[in-house]
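From these two lone chains plus the hints, build me the complex, please.
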Amino acid sequence: MKAVLELDSLSTEELKKQVEILQRRVIREREARYEAESLLEKKSLELYQSNRDLMRLNETLERRVSERTNTLSALIQNLHAGILFESKEREVLLVNEQFCEIFKIPAAPEHLVGTNCDDNLSLVANLFDEPKPFIETVNQRIGDREKVIGEIIKMKSGLVYERDFLPIYMEEEYLGHLWKYRDITASFVTEQKIKASEEKYRGIIENMELGLLEVDPNHNIIKAYDRFCDMTGYTREELEGQNANDLLLPEMYQQEMIKQDAHRQEGKQGIYEVELIRKNGDRIWVLISGAPFFDENDKLVGSIGIHYDITHRKKLEDELRSAREMAESARAAEKDFLANMSHEIRNPINAIAGLTNLMYDTSLSSDQLDYLNNIKYSADILLGLISDVLDISKIESGKMELNEQSIDLLENVRAVVQTYQFRSNKKVQYKVDLDPQIDFDVVADPTIINQILLNLIGNASKFTEVGEIITSLRLLENSADEVKISCCVADTGIGLEEEQLKHIFESFKQADKQTKLKYGGTGLGLTIVQRLVGMYGGSVEVNSKLGEGSQFSFNMIFRKSKTRHQEEVEAKGKDILPEGINHVLIVEDNKMNQQYLIGLLNKWEISYDLANHGGEALELLKKHTYDLVLMDIRMPVMDGYETTIRIRSAEHNPNRNIPIIALTASALVDEKEKAISAGMNHHLSKPFSPEQLLYIFDQLTEEDLMRDTGSTEKFVFSDQLDRAYLDSFYGEDYERAQLMFQIFLSNIDAEVDQLNMHLNSEKWEELATLAHRIKPNFVMVGLSHLTDQMVEIEQAAKQLDTVKAQNLVPEFLVQFKTNRQLVENELDKLSNWIN
Amino acid sequence: MRGIVFTELMEMVEQIYGYELVDELLQEVRPASKGSYTSVGNYPHQELVNLLIRLSGKVDKSVEELMTIYGQHLFQVFAKGYPAFFEDDLDAFTFLAGIENKIHPEVRKLYPDAELPRFNILNHDSKELIMDYSSERRMSSFALGLINGCFDHFNERATVKMDKLDESGARVRFTINRGA
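Top to bottom, those sequences are chains R and B. Residue numbers for the first sequence, in this note's numbering: 1 to 835. Residue numbers for the second sequence, in this note's numbering: 836 to 1015.
Because the hints were derived from the structure by calculation, they are not lab data. Treat the numbers as computed from the prediction; the structure is a model and nothing was measured. Please note that a few of the clues may not be correct.
[To be verified] Here are the simulated lysine-lysine pairs, BS3-like style, with alpha carbons at most 25 Å apart: (1) R:K43 with B:K915; (2) B:K869 with R:K17; (3) R:K17 with B:K893.
[What the hints assert, rightly or not] Residues from chain B that keep clear of chain R, each with C-beta distances beyond 12 Å, as calculated: (4) S868; (5) K869; (6) G870; (7) G933; (8) E941; (9) D967; (10) S970; (11) E971; (12) N990; (13) R992; (14) F1009; (15) G1014.
Virtual Cβ for every residue (Gly too), placed ideally from N, Cα, C.
Bound-form chain B, shown alone (with noise of 0.2 Å):
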């Protein structure tokens, strides 16, 4: 997993809570990194889970919401990060429904090891936007997160709809219908 995604984490539980968490945290979960993320780096996957689950006992928020909470706040992050993709005159909309052919084909060509979900576009009008989220990281809070900042972003209003397509959580539909 990229280290921005480790380093922002970090950064953010340190904002909220204070260094002290964030050394616990690396102090408890002990990650075969040692902690030392930088965000030019890659990391384990399994280190960030297991450094939300601690985290998710210490603030009495369930790892989906950290997830979410943490998703909403990196998309910030990645907006200021990477102007470039929002350089068109978009909307949350197409942004969300150009993620799989227009944003990904860049991540892979920065980071050809980049393990990235697949965004399965169903249904996409002025009204509604059906998409299938499907990886076997299992993220999809952390995708919910980062929509929910995507429309934090273009200052826009949506209500969310979340379900889960099977058991394991791999594969989740997200309807998105525009208003409040």
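Isolated chain R (complex conformation) (with noise of 0.2 Å):
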């Protein structure tokens, strides 16, 4: 407007130039416009594309939707359960056919919707077993909008249903909850029927008054029942939650509850006893059942305990093992106070039955050999008592010890009843009747044959006044290395009753009072009897009918000798005086003892020193050489054993190789063993007869005259060896001692390897056993030191000191290492030696 105001005043150039100003304004303006248009055109164009794009999104989406609540609306309708889908005001906005199946609603699920649920709740509720527990739990789990699942909830139909819960969100926003009602009556009543069926075992075991325990992995107490509330004073309310092993189990036990929980995880169930602290601290015993049990998952959840009180059953076990224990003290008391017996009684009765021998060398009165006569007499029916006391014990104590050695069995049976036919003043016939096939030497103990002889015969003859004995052998079986013999001793006494046949082997038990009386003795010899005679394998039977005697016999079998027995020739009880020994110390105590040696070398015409004790001993020794040592065992000052022993291992001593020969006054197999052991020669047990003496004498002399003819050709042993031993031993009989040193080398690592295998699987028994087997193995070899250690090993494992037995074994195999090498040296040089 102002430019058309102001056109009028404008000269024509100016007009002109404004003219062009606007023309070009215009067409910059419309450019711009058309720019602008084309620019929007576009753009609208770009809005309507997406525009067209997200509808296109949108109904694929719906369509999605759609689908989904379809399949999910069809699956609830299938959904083998109840399910209810409520909005928050309660309106149904999903429903299906089992629901409405459980809740008897006559309508179809689908015109359900949008109805009111609130509405019908008081209607429903009276399906239910309890209709107002029933309706509170409905309006609670709505107030509460939380997920509550597997309630479960009976109706009086008898149907059980478990119900679940949910409460949905979308976002934060409360959309409604969801009701599901599975129908589990099955299972629920299965379940029932389980429990009650357990409940009812455990009532059974509850009234056996056996406690049950429930408890968790941990051992915290899940149930407690009332039979073991009782057994540990708790109350269950006291027990459950509490651990069980806190609580009750002594701490000494929780290593062996632990052991048992390891069992249980691998599902294994266990009995044990362990002791329980009840709540007023007294402890009671009882044997635990425990057995793992398992959730439906296979899971251990725990384990129950079956408890069942074993105080009373303990208490009587310890006063038996108490009782026990004081009968085999009593037993051991025993056997002591009988070995104590045998030194006791045998020294006297050794020194009179001595005594008595020498007097019959001096020039007597009748009168004073008839009192001599009777002296002798009684001592040996002293002597015959204590040795069958001695005997029983021995052989009950397995201390019998066996020395066996080739025999002729019929010679034996022959002198045996000779001493009786010499003997006997009376009407009886002493009668053998041997067969004559037994042509062999056996194997056997003779001292052993003989007391079984002496005691059957001894027995006949004491019931016998008149008519015969007759000892009878018969041969019943003979194959190449054993012979089956039987011995019968049958005589014409007065016989025995039926009631005595039962009780006549029953120590000390004779025939009766007035038998006992008027025959004397210990009612021990048919014992003794039964018992040797089985040791070969025997049993003795008897026979007898009463007034016209008995007839005792047995079967016996023994090993078949090799050789046959040499016959010695000289006469018993000739006095053949030894040569070689001249000068003698006797070591003794007992007055007695020291008078009957005395004599006995008085009449050898050999001379002696006396010792009273060791320590005497060992200042002679040290002054004098003698040729040899008589030695008691049990002494004042110093015993036979540690004197022997010094005698051995003193230096410069002279009389270092002595033979010794120990007198000891107890019969058992150990005394014996320890005086050779501790380095003795020979061994006597008293009383002894002055042939026994000579008898022993006499082997001396044989081997020192064997180690004299010897002396121009020696071998030496190794000093690394026990030379005084292998010297004794061998003698010069070195092609023996070659032969024994190849056997050991050639027996002795797998005997060793034995050994020690017996050593790691802890067999102490076969252990001692095969120590005990092989210690003279080392001896044998010149390793003398080597079978005191497998002596000592023997003794470990017989006392079961493992500790000891595994040091000493070890031990030994080092030693054992070395040692061996030695003996292969020796048996080199010894082999060239005899080459």
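Given below as structure tokens:
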């Protein structure tokens, strides 16, 4: 407008200019408009395109949602559970047929959508076992809006449902909630039945005085039953929730429980005995049978323990144990008593018998001879009695020593019978009936054979006034190695009643009191015979008729001897003075025994020195040389073992290798073994006859002779070996030594391996037996210290001193390794020397 | 550069000096767009600079001065044209401090190819606002005008100190204190 108003005042040129400006402006603005329009069109096209895309996307999404909803809806309809989906206002959003069936709603599910559930709640509640609580819980769940699953709902119809309540939120907004009712009637009823049956059995167990306890894997008590509460003195409330181990189990059983736990982890059950601490602090012993139990996924959820109170039984066991221990110690005391008696009684009898023997060599009047005969007779009876007692105790304690050798059985029988023939002044004939087929020697202990015969014949003679006593031998079986021989002692004596026959082999049982008075004796004779015969595999049988006599018969099995027995031509009792024994040392504290020995030595014209104990003996041995030592064992100051060990170990002692004869009062095998292992050469059990002593002298001089004759050409054993023993053991029989060394080397490794194996497998009994068996092998090749070690190992294994055995055996193995080489070297030397 | 910057500049020049000057500028500068600017279009930045340089020679004001004057003017246009950004109960400091994080993201939504300066706020309390401007277009004077316009809009007073942080002027610090 302004421009138009001013047009009139403008010059043509200016006007022209203004028009040009305007033209340009119009062009610019038109172009700007075109550009803007095209830009806007482009923009709107873009907008249209994206709008269309959005619409398409929306359709797709709607279709998908609808599909999913349909699937979900179908799923819910077909679900094997009643489903109700309510809005927060409790309007039905979704419901299925099953739900309608449960709640007995006659309408179709789709018609229920939109109706309000609250209105119908009290109506349907009557279907349930407990209508009021049902309404309350429904309202509570809806109010809480919290997920609750697995509620058990029971209907009046008997059906049982498991109900889940699920609140449903979209983002933060509460949309409503879903009810799910699942029919679990079948499994619920089964479960109830199982529970009832479990309860029933628990009831039974409880009634059986067995306390039940359920614990979780950490021993926390889940459930304690009444009987268990009674046992422990706690109430159920005090127990449940507590840790059973902490509360009830003493510290010392915790380890056992850990062991049992490991066991239970593997699903195994275990039975074990522990003590429990009662509430009042008392302890009770229980036998627990514990078994694990698992949930449906096989996960260990705890264990159930059945507890049986065994306190009373344990108490009885303890009492029995202490009673047994008492009995055992009483038996041990009895054995000790017998061993001591052996010493205390034998010594004086020895003296009486010995001195009596000496007195026969003095000039006696006929009265004196008569008295002497009576003394001897009484002493013999006394000796017989004490021997019986000792024999039976030896046999019973397993210490009976078998001293087997090759013997002529027939000759033995004849000799025994003969002694009775001479002794008898009665009208009794002593006869033998011997099978001539027995023309070979057997391996047996002659002492035992004689003792059997002496007892039986002695018995027969006691009860036989007139008639005959026949001892017979029959060969029953004869194989290459063994023979079976029957023996019978038959008499024509008073015989036995049937009642007596039953008890005849029992210790200390005699026919009756009259018999005892009339015939004397200990009543042990037949018991001893029975045991001795048993050692040769037999059993004594008796046949008897009152007034007609008795027959005692038995069989024995012997090994046959390879060699024929060399009969000793020398008549017994005849004194043959020993050569080479001229000066003897007597070591003895008992005056009577001293007298006996001195008497004998005087008679044999052997000089002697007397020591009252070991101490004196050592002094004398320092100053003088002797040909042998007679060594008592039990003496004051220093006993025989100690003395011997000192003699053998003393340096520069002229008597270091002197023969020593042990005189033991005890007949026990132990003492003899101890004497030999202490270094004594021979052993004589008191009382002994002059002949027995002479016999040993003979053996000694024979050994000496052998030593002397070979002195010109002698093999010298290595001083690393026990030279003294090897010399005395082999004499100059170096071929035998060679053989023994060879045998040793070829066998010993296996034995030693075995020894080690027994140790490793902790078989103590086998270890002891093996050690016992192989211990002599070492000394025979000069390794006496290894024999000593073996003795120690045997002792340790016998006493079950396992710690000691475990130390000794490895120690031995080390020693053995080096010493084995010594033996090998020695064998080489020996073989060269012989060749 | 957004078309509105060009159309508003032309508008302002026309209002103050008349369309003859607008015509003169366009005739002399001969921009590639031929000067037919529309607010919805987008034009090279250099055209604006060339127009301002030519204008400077005609009205005896430096380019910087022109930019500041134009910025101050343009803020009023923005305030009218985009009231949505001024809805909340704002003051000038809060508005300026929120440019980088509130205004620019919205601009980018509408014009994804817009090239905007960056404002880094170093201090913002009730008395003082320190913000660093950085843009390769080196139009800090334009920014100063906008800041002044902002205080005019909110009817507040402030002293604005502008310090170059580098030679080129691509980085500039504005230290703004309340009061006259």
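Output the numbers, in ascending order, of every earlier hint that fails for this structure.
Hints 4, 5 and 6 contradicted; others consistent.
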